[in-house]
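There are 4 protein chains.
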Amino acid sequence: MNSTDKKPSWKHRLHEIIYEADTKEGKLFDVILLVAIIASILLVMLESIESFDAKYHTYLNISEWIITILFSVEYILRVVAINKPFKYIFSFYGIIDFLSTIPKYLSLVIIGSHHFAALRALRLLRVFRILKLARYVGASNKLLLALKASKAKISVFLFFVVILCIILGTIMYMVEGAENGFTSIPRSVYWAIVTLTTVGFGDIAPQTPFGQLIASIIMILGYGIIAIPTGIVSSEMTKNNDNNLHTNTQACPNCGKENHKDGAEFCYNCGSKLN
Amino acid sequence: MNSTDKKPSWKHRLHEIIYEADTKEGKLFDVILLVAIIASILLVMLESIESFDAKYHTYLNISEWIITILFSVEYILRVVAINKPFKYIFSFYGIIDFLSTIPKYLSLVIIGSHHFAALRALRLLRVFRILKLARYVGASNKLLLALKASKAKISVFLFFVVILCIILGTIMYMVEGAENGFTSIPRSVYWAIVTLTTVGFGDIAPQTPFGQLIASIIMILGYGIIAIPTGIVSSEMTKNNDNNLHTNTQACPNCGKENHKDGAEFCYNCGSKLN
Amino acid sequence: MNSTDKKPSWKHRLHEIIYEADTKEGKLFDVILLVAIIASILLVMLESIESFDAKYHTYLNISEWIITILFSVEYILRVVAINKPFKYIFSFYGIIDFLSTIPKYLSLVIIGSHHFAALRALRLLRVFRILKLARYVGASNKLLLALKASKAKISVFLFFVVILCIILGTIMYMVEGAENGFTSIPRSVYWAIVTLTTVGFGDIAPQTPFGQLIASIIMILGYGIIAIPTGIVSSEMTKNNDNNLHTNTQACPNCGKENHKDGAEFCYNCGSKLN
Amino acid sequence: MNSTDKKPSWKHRLHEIIYEADTKEGKLFDVILLVAIIASILLVMLESIESFDAKYHTYLNISEWIITILFSVEYILRVVAINKPFKYIFSFYGIIDFLSTIPKYLSLVIIGSHHFAALRALRLLRVFRILKLARYVGASNKLLLALKASKAKISVFLFFVVILCIILGTIMYMVEGAENGFTSIPRSVYWAIVTLTTVGFGDIAPQTPFGQLIASIIMILGYGIIAIPTGIVSSEMTKNNDNNLHTNTQACPNCGKENHKDGAEFCYNCGSKLN
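Chains as they are written, first to last, in the UniProt record's numbering: chain A, 1 to 275; chain B, 1 to 275; chain C, 1 to 275; chain D, 1 to 275.
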């Protein structure tokens with residue numbers, strides 16, 4: 001990269017280690033970061049278990065500070081290593097890194113603010129970035145391709161589901177009423193979503209026969225329309241099979257035929273050599 | 001359109017704005033209507049939350065009247081702008097528009113009737129009509145095509161599910177009986193639907209070992225037969241792929257037939273050479 | 001049919017009406033039977049609702065007797081109209097018809113036996129037979145074809161699910177124990193089925209952290225492996241598309257090419273006429 | 001097999017009976033083993049039902065000892081019949097066989113250890129091995145092939161689901177807090193898994209409006225992303241179809257390559273004419 005030529009060599013090297021993963025040190029940094037993120041999340045989980053926190057509060061607190069300082073150092077290094085620091089600071093990951101590091105410091109000033117350390121879980125998203133380098137990239141790329149292609153259709157579907165739930169929830173509010181747990185329309189819509197998606201918590205359940213009839217219709221509907229997103233993604237992934245996998249994009253130099261099998265060396269139509 | 005030529009020009013223009021969306025004003029009208037519908041639904045939702053309604057009753061009431069008058073004006077304009085008013089009045093959307101506007105007026109005479117304002121949620125269905133004009137039309141059209149093609153199969157499936165639930169519910173009523181919550185056959189059928197669709201509220205649950213055995217069979221059945229609607233839609237959507245994939249876009253130079261197989265050299269209809 | 005020639009003409013005619021549906025009277029009989037079945041099931045449902053039965057017991061009882069006598073007449077006619085009565089009597093539908101008619105008579109002798117009238121719900125299965133004559137036959141035939149083809153695979157899958165549930169249920173019994181509702185292995189297996197199929201009643205739920213961890217694994221497993229039956233049926237139905245729908249079984253008389261498009265009149269390969 | 005030639009003939013024969021299934025005796029052994037496994041599991045299930053165990057404790061205990069001795073004999077025979085006993089002892093099935101036999105003996109010394117007899121359920125896994133010999137092998141092989149091919153994609157998906165649940169669970173912990181049942185982050189993550197997989201026990205359910213909003217998003221998400229594993233497996237199984245469908249069974253007369261495209265006239269590998 002020509003634009004990085006102007007950086008001092010130590011800055012260039014730091015950038016390579018932190019932001020890239022082509023060198024040995026870069027890979028090592030990623031692995032250490034991954035371990036640190038998982039450790040920090042386990043820590044915040046253990047802390048949230050009251051009985052555990054009561055017993056080992058001091059140890060947890062010390063570990064918290066070690067992790068926080070490590071992340072602070074990483075944050076500073078990231079800011080220093082990049083040519084345009086604000087690009088990182090206001091990037092998606094930059095904001096997450098900041099938000100997951102600052103609560104511990106704030107807890108010195110504002111009591112209770114360390115609860116926001118749980119935001120650190122968002123750091124797990126970085127895992128996807130780091131794993132981009134790993135062997136799973138092929139598999140997830142094909143997945144993402146199919147998902148991207150079916151984004152519009154799935155949006156329409158989810159939009160339809162939400163509207164359906166608002167209408168059905170409103171009807172249930174009118175049918176069942178507050179005395180059966182459907183205390184407000186938003187709550188009834190929440191119930192409709194719980195039912196249509198076949199989750200079915202059971203904290204709210206229809207009591208009147210007519211309400212149960214409508215609930216039955218919602219459930220059968222939900223059972224049926226789950227076929228739609230499934231059909232969309234299936235068809236998209238099958239299309240990918242047909243297109244990219246079994247045929248290539250070569251055209252025969254002699255007869256112009258396309259759709260040759262992968263690895264074909266001769267045209268299946270005229271027999272002339274493909275190149 | 002020739003039939004609208006006889007309308008006075010202001011009526012013609014009104015029709016264009018309200019019923020069509022090709023002009024700038026028509027699009028603006030649709031957007032305002034969309035916003036008004038969403039606002040009116042948020043309003044009716046907020047009203048249904050008792051604690052909120054107690055605090056802001058006056059504000060909510062005033063907003064309600066503003067929305068109601070707006071919708072009344074829209075309704076009158078729609079009746080005026082069309083050549084055959086009864087065609088609109090007794091159309092699906094005409095009835096919804098009427099039912100969602102009238103409750104507020106009735107509430108002046110009959111106490112409690114404003115509860116039916118919740119019917120306004122049905123207005124959300126108009127959203128689909130308005131969005132027909134938007135960029136999502138392609139995506140949803142393909143969806144609708146696949147759904148229409150699989151309508152008969154899905155009807156058979158849903159019909160089968162309902163009959164299965166009636167039979168299974170009746171058996172469970174005989175096995176578990178009223179003392180375990182299966183107080184009547186309709187209630188048992190409701191439970192069977194809750195279970196087969198994998199919703200599982202848990203408000204009714206089998207208590208006897210034999211009842212739990214039958215419940216297990218119902219659940220595994222429900223887990224298995226969800227594959228059927230899914231398979232139907234998937235295959236229908238994949239077929240759509242295939243139509244575009246395995247046939248080419250050539251038209252026969254002689255008879256004009258399209259949809260030739262990939263690699264076809266002669267028209268399958270008239271036998272003349274394709275080029 | 002030659003074998004029915006020997007029957008007296010009235011018997012022959014009765015057979016046509018009751019067992020077949022090609023004549024006007026045969027179709028009418030089927031429709032009346034369908035209505036009677038649905039009425040009898042509604043009746044038994046209403047009877048099962050205690051409050052309703054208390055009020056209208058006499059009316060329900062009279063209607064019950066009318067339906068029972070009607071079904072008795074139908075049963076006798078079916079036995080009379082067929083050449084080999086025992087073939088009907090011991091057939092699947094013959095047994096159901098008998099079992100759904102007899103309880104009312106038994107209730108005169110044995111108190112409580114009329115509860116078995118609920119078995120009448122099994123009569124609904126006859127609906128499928130009657131509807132075979134209707135326009136849905138095409139749709140359901142294709143469905144049945146795909147299901148039959150995937151029977152072996154789905155059996156293996158369901159067998160695998162049952163074994164998995166036995167193993168997982170046993171493990172949960174050991175982890176959670178009787179004090180958390182997992183009172184016996186069969187009950188734990190029942191819970192595992194409830195969880196794996198994503199029904200989730202919530203009448204039994206793990207309380208220990210380790211139990212919840214295993215439950216999480218079961219749920220994610222259940223969420224994942226639902227893809228298997230779905231994939232099986234999808235692939236089977238897609239195969240049907242490719243095979244039967246778009247191509248026929250003709251071979252070109254000139255070049256022998258197969259897989260012609262439905263409705264093709266000329267070979268796509270050599271252009272000679274197909275016949 | 002040459003390597004087994006050195007074994008004495010009785011050992012060779014024993015190996016054939018126990019480890020193989022080509023001979024009549026081998027098949028009989030497998031059937032007996034299958035019956036014994038199922039009987040032993042039914043036994044451990046009945047034992048776990050307290051009321052049943054109280055009544056028939058003596059009979060159950062005797063049956064237990066018979067089964068245990070049978071399995072002990074089988075274990076010893078397996079060790080004796082194989083040339084490299086340690087290969088069996090430390091194999092997957094060897095460890096299961098040992099763990100499911102030893103608890104009964106230990107119960108003589110350590111009270112309560114017979115509870116681990118439930119580990120015997122793991123023996124059911126051997127069923128798959130035995131059935132490999134049966135007619136279902138074709139069906140399950142195709143299934144396994146498709147599952148193996150989609151392993152990487154499904155791993156990525158499940159990994160994504162777990163991370164999503166950790167993030168969503170943490171957010172719910174911060175939103176709902178301990179007073180609404182979300183007492184710790186691990187418990188909240190457990191709830192997120194219960195919800196996303198559409199199981200929905202209902203033992204923990206959001207109470208605040210904001211919590212219910214997030215729950216709604218999780219549920220719709222879960223309802224939508226179930227399409228992903230389904231799409232993966234569907235596409236994989238359809239691909240299998242395609243391999244058989246769109247390619248023919250011709251082998252090139254020159255180079256012997258198979259899997260030619262339908263309609264191919266020349267070998268895609270060596271260019272010689274296909275006939």
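FYI, nobody ran anything at the bench for these hints, they're computed from the structure.
It is possible that some hints are incorrect.
In the DSS-like style, the derived pairs of lysine-lysine whose C-alpha atoms are separated by at most 25 Å in a straight line are [what the hints assert, rightly or not]: (1) C:Lys148 <-> D:Lys239; (2) B:Lys84 <-> A:Lys151; (3) A:Lys151 <-> D:Lys239; (4) D:Lys11 <-> A:Lys148; (5) B:Lys239 <-> C:Lys87; (6) B:Lys151 <-> C:Lys151; (7) A:Lys148 <-> B:Lys239.
Facing chain B, from chain D, some residues (calculated, C-beta under 10 Å) [stated by the list, open to error]: (8) Ile49; (9) Gly181; (10) Ser234.
Backbone N, C-alpha and C fix where the C-beta goes; we use that ideal spot for every residue, glycine too.
| Violations among the numbered hints, reported as their numbers in ascending order | As far as the earlier hints go, 2, 4, 5 and 9 are violated by this structure, in ascending order.
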